[in-house]
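Here are the chains, one letter per residue:
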Amino acid sequence: MPWDRVWEHFTLVMTALGFIIVIGVVLGVVSYLYPKLSKPILTIVDVMQTIPSLATLGIIMVFMGGNRRTVIIGIILYSLLPIVRNTNSGLNGVSPAVKEAARGMGMTRLYQLFHVDLPLAFPLIFTGIRIAAVTSISVAVFGTFVGGGGLGTVIYQGIRVSSMRQILFGTAALMAMALLIDGIMGLIEKRLYRRIGLQMPQE
Amino acid sequence: MIEYRDVVKSYGGKPVVKGINLTIQEGEFVILIGPSGCGKTTTLKMLNRLIPMDSGDILINGKSIKEQEPELLRRNIGYVIQQIGLFPNMTVEQNITVVPRMLKWDKERRRERAKELLALVDMDYDTYAHKYPNELSGGQQQRIGVLRALAAEPPIVLMDEPFGALDPITRDSLQDEIKDLQKRLNKTVIFVTHDMNEAIKLADRIVFMCDGKILQAASPEEMLRSPADDIIREFMGKHVQRVHMEDELTCSDIMRHRVATISPQRRTLECVELMSQREVNSLIVVDDDRTYLGIVAIEDIKDRGVAGETICPLIRTDVPCVETGQHAKEAFRLLMDMKADYVVVVTPDKKLAGIVTKSSMSKAMASALWGEG
Ligand SMILES: Nc1ncnc2c1ncn2[C@@H]1O[C@H](COP(=O)(O)OP(=O)(O)O)[C@@H](O)[C@H]1O
Ligand SMILES: [Mg+2]
Numbered sequence: 001m002p003w004d005r006v007w008e009h010f011t012l013v014m015t016a017l018g019f020i021i022v023i024g025v026v027l028g029v030v031s032y033l034y035p036k037l038s039k040p041i042l043t044i045v046d047v048m049q050t051i052p053s054l055a056t057l058g059i060i061m062v063f064m065g066g067n068r069r070t071v072i073i074g075i076i077l078y079s080l081l082p083i084v085r086n087t088n089s090g091l092n093g094v095s096p097a098v099k100e101a102a103r104g105m106g107m108t109r110l111y112q113l114f115h116v117d118l119p120l121a122f123p124l125i126f127t128g129i130r131i132a133a134v135t136s137i138s139v140a141v142f143g144t145f146v147g148g149g150g151l152g153t154v155i156y157q158g159i160r161v162s163s164m165r166q167i168l169f170g171t172a173a174l175m176a177m178a179l180l181i182d183g184i185m186g187l188i189e190k191r192l193y194r195r196i197g198l199q200m201p202q203e
Numbered sequence: 001m002i003e004y005r006d007v008v009k010s011y012g013g014k015p016v017v018k019g020i021n022l023t024i025q026e027g028e029f030v031i032l033i034g035p036s037g038c039g040k041t042t043t044l045k046m047l048n049r050l051i052p053m054d055s056g057d058i059l060i061n062g063k064s065i066k067e068q069e070p071e072l073l074r075r076n077i078g079y080v081i082q083q084i085g086l087f088p089n090m091t092v093e094q095n096i097t098v099v100p101r102m103l104k105w106d107k108e109r110r111r112e113r114a115k116e117l118l119a120l121v122d123m124d125y126d127t128y129a130h131k132y133p134n135e136l137s138g139g140q141q142q143r144i145g146v147l148r149a150l151a152a153e154p155p156i157v158l159m160d161e162p163f164g165a166l167d168p169i170t171r172d173s174l175q176d177e178i179k180d181l182q183k184r185l186n187k188t189v190i191f192v193t194h195d196m197n198e199a200i201k202l203a204d205r206i207v208f209m210c211d212g213k214i215l216q217a218a219s220p221e222e223m224l225r226s227p228a229d230d231i232i233r234e235f236m237g238k239h240v241q242r243v244h245m246e247d248e249l250t251c252s253d254i255m256r257h258r259v260a261t262i263s264p265q266r267r268t269l270e271c272v273e274l275m276s277q278r279e280v281n282s283l284i285v286v287d288d289d290r291t292y293l294g295i296v297a298i299e300d301i302k303d304r305g306v307a308g309e310t311i312c313p314l315i316r317t318d319v320p321c322v323e324t325g326q327h328a329k330e331a332f333r334l335l336m337d338m339k340a341d342y343v344v345v346v347t348p349d350k351k352l353a354g355i356v357t358k359s360s361m362s363k364a365m366a367s368a369l370w371g372e373g
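If you read the protein sequences in the order shown, they are chains A and B. Taken in order, the first sequence gives residues 1 to 203; the numbers are from the working numbering. Taken in order, the second sequence gives residues 1 to 373; the numbers are from the working numbering.
Extracted from the complex, chain B is given alone in its bound form (with noise of 0.2 Å):
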């Protein structure tokens, strides 16, 4: 467990860090995001020393790091930056087994470590151990920036902008390896990034910080749901959105009003005439106050129907239906495991209000995530 109890710093009288209180539980991945130079990196570098801190403390296990050797400390915290930073005179074997050199681990089980860890990425050991870094692309060299930080076991890892400076696509893929490696070697992270997107894909707790204070600490979905100020509703932007959608869009948000009705008291033939006019399979049928009874389709009519008579027996009640104030998602699901064309959907008086189709969601969707348009 990790905890910051009232933690400050500042910069030639200018406070940049103005007391932060955070308590980090173990194998939780923790995110600081917020606007560039609002103290992120400052707030992470302090755990590991590499920046003193003016006043308060940080308790690592209930121990106060200041207690500790600084080089000490290091080696029990990865640390993996931005620009990577490899040693350009060391191999890629010796650079992930630098701190474990330290440790004075020996030669035999500083190799196995190195196997070991390329196995995780997928890194051919016999191809990548004895290159040097510059021989490797952008991403792999990353890559061996992450292991050079897990050589040596350490509980806790720091990660500032790690993957930032990474093409979109290395980006994601990363993301999903540290992910994965985060829950199963179970590491306390605390990662910094500006990025709204990778927070959410990575965070256990997102913990916004704005001027060298902290906003909000939330799980993602709560801080997507329920932002505590409008500089982070702004920061996640078409997020927010998203999460609107999901949550409080209604099926009467994503159907379409105008749908093609029927009375239960019309011939088949006259039902027929009205889909070829309207160019429908399917009618709804509804009585004269619009209260909802079934369908009726094509098939039926053909197959069973006798002319001239009502279409009151052809009438179908099995097809999927849904109320106006339930989630859009119900709708969703019944149209994507149904296989069914349309979604009916009733008042809560049973009266028709409309049908979701597959075209009337998208075009819903459309016009919360980019507006309306």
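Looking at chain A on its own, in the form it has when it is part of the complex (with noise of 0.2 Å):
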């Protein structure tokens, strides 16, 4: 039963997770290309992030109702904002030098965005998703409160129960996703930045 919630919670992560990649990207480049409109989708982005996250997830069920798929919106919202800002630093970030080339070569504003800006800001960007999928671990915990199932139900009946046992399960299985998940991805990307000779920023 208990491990049945450790997959529940894992995918309700992972699917939150693939929303949030297509989403963070491509609202991160749209406020690369049209400068314009940076400031309002970041400062919308970074409001959300300030919204408790059971206060977002209560909201969302006032109108969707309490199922798994408040959750996932509600991760989403949460965990959206460590992606836009890093796909739209990773891209401002490419050296001038790179885009004067690209330009002086004949690229094309798309052609230059998949093939050289989209390529060099990579690593920020993986590392945008590797903060939003950390961050989606913790945030999936109140799924339960609004009927999404996953850990945060392990907990909260080991609560009730006052089962010392369930409590430890929960949160230690909580821990190790969340260590699993932030380091094999923190590898993948020290290979990423070594790949294309940058330094990784420091945190």
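Accuracy of the hints is not assured; some may be wrong.
Stated by the list, open to error - Chain A side only, calculated, beta carbon under 7 Å to chain B, not exhaustive:
1. 98
2. 116
3. 120
As the list claims (entries may be wrong) - For lysine to any residue, the following SDA-like pairs were computed, each having C-alpha atoms within a straight-line distance of at most 20 Å:
4. 104(B) <-> 108(A)
5. 99(A) <-> 303(B)
6. 99(A) <-> 138(B)
Note that these hints are calculated values from the structure, not bench results. Note that the Cβ used here is the ideal one computed from N, Cα and C, for glycine as well.
Hints given; two lone chains; assemble the complex.
See the structure below:
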């Protein structure tokens, strides 16, 4: 039973992450291509993260009812920021000399985006994804309050029946999942930076 | 052929290029030079439409650049910048063939081209093709930058201070390579620099810009000989003096005035005596009004001299001799070619003026180069 919850939690996070990556990168790219939109987009995404995640979930539940979908949307809204921000700053951070060369060679805007800007911004975007993944794991814990299941349910039930075993199991599973995902993605990230000869940004 | 016609560009109401007119022939190596901020880069980048012009026009082979899509135009014009700007996410081969790839050359042809280009700069394909830019030295990176610009065989190549950030030795060899490539491939090159050495070394024609205008466009020799403006003269600094030295220094400027002479009536023993006093192996023979007659050498006295006789029969006239007004270059040439110890300098009416020796020549050159000293 609790192992099912681990899997449930994991798929919840992964599904949300899939959406976050697509939406986050698209918003990041749009904010790069149209600098005028960059401020509003970043501000909105930023504000969304400052709303307590439980409140976000509550508000969504009012409209969508309590289910798995509500949790996924909640996670998306809450974890978008690091990817949007990193995509934006990764693209803007590509060296001006490289961009000038790209233009000088006759690349169109989109050709440059896909062949130069995005490949060079990718390590930073990946960092954003890693942060979003770890955030999502903890946000998903609140999913239990809106009927989304996951490890939050295990811990919450443990509290209700005063089962230390259950509480510890849930917590340990959460921590293990976060550490594992963070660790694996961290390794990939290092290789990405090394490949294009960049320094890892200081965290 | 490239024609700039009344090209004007302002930034925020401040004109930075003030009506440039310039015609560049096919295969010409043109250098844009001038003080920083005078509009060289702007002039260059208006040609491939990286900077839009305000008014005027630029024609390439009679066709306005405004009639072409900027991207398509740029694929036909090579572009090299000081900061190099290789794509860090691409290998050397991918960097070189980036334009051919956009032009949809097939893979085989691109590979062939990469090999061909790397061979041009003596870089081994197997060693370098699959390296990333950050694995190369600065000089190698800029070689790749140049190859990238040449890859799709554009007839025109623009270079904006391409070697400015390299160390002097690397810069020197890249200059040789680019000049060689330009001649061999018959490219039209427009090259921005603020280094007069570089300009003189590379240019068919130097275009001197100042404050958004062309002050003078001329061959290096002509610009050095007759700079059109004090700013140009100042910019060229010591180069101007060097040309003065070659063109305007005469034999009398580089000769030594104090010379050991002897009259033809003197006898051999006196002559030997004089030579040992002056510590020389030969004396210049002049008559009483200093008319030059020849020289007398110690070997000849030893071999053929008769004690008590005059030196008259021993006088040699086969020594190199120049007139005072002749180019210093001529004395230099004689000194070097004839392996003579000195060259005799005479006035137009054949009077002895002095002699040019290697040491008198180097003294004169040093003072022309570094001022009186
Ligand atoms: N984007 C820009 N905005 C405003 N001023 C500029 C811009 N680019 C260049 N300038 C100004 O135009 C002048 C000419 O610049 P540039 O062509 O780069 O000179 P150079 O290459 O000869 O050093 C300079 O005074 C510079 O400050
Ligand atoms: Mg410049």
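| Does the alpha-carbon distance linking residue 104(B) and residue 108(A) stay inside the 20 Å limit? | holds (14 Å)
The hint names residue 98(A) as touching chain B; please verify it with the least Cβ-Cβ distance against 7 Å.
holds (5 Å)
message = Given the hinted pair residue 99(A) and residue 303(B), is their Cα-Cα distance within 20 Å?
response = At roughly 81 Å apart (the allowed maximum being 20 Å), residue 303(B) and residue 99(A) break the hint.
* Hey, does the residue 116(A) contact hint survive, CB to chain B under 7 Å? -> Holds, because the Cβ-Cβ distance from residue 116(A) to chain B comes to roughly 6 Å (cut-off 7 Å).
- Query: Is the hinted pair residue 99(A) and residue 138(B) satisfied, with a Cα-Cα distance of at most 20 Å?
  - Reply: holds (19 Å)
Practice prompt. Closer than 7 Å between Cβ atoms is the bar; does residue 120(A) clear it against chain B? Give me holds or violated.
Written response: holds (5 Å)
Violated hint for the displayed structure: number 5, the only one.
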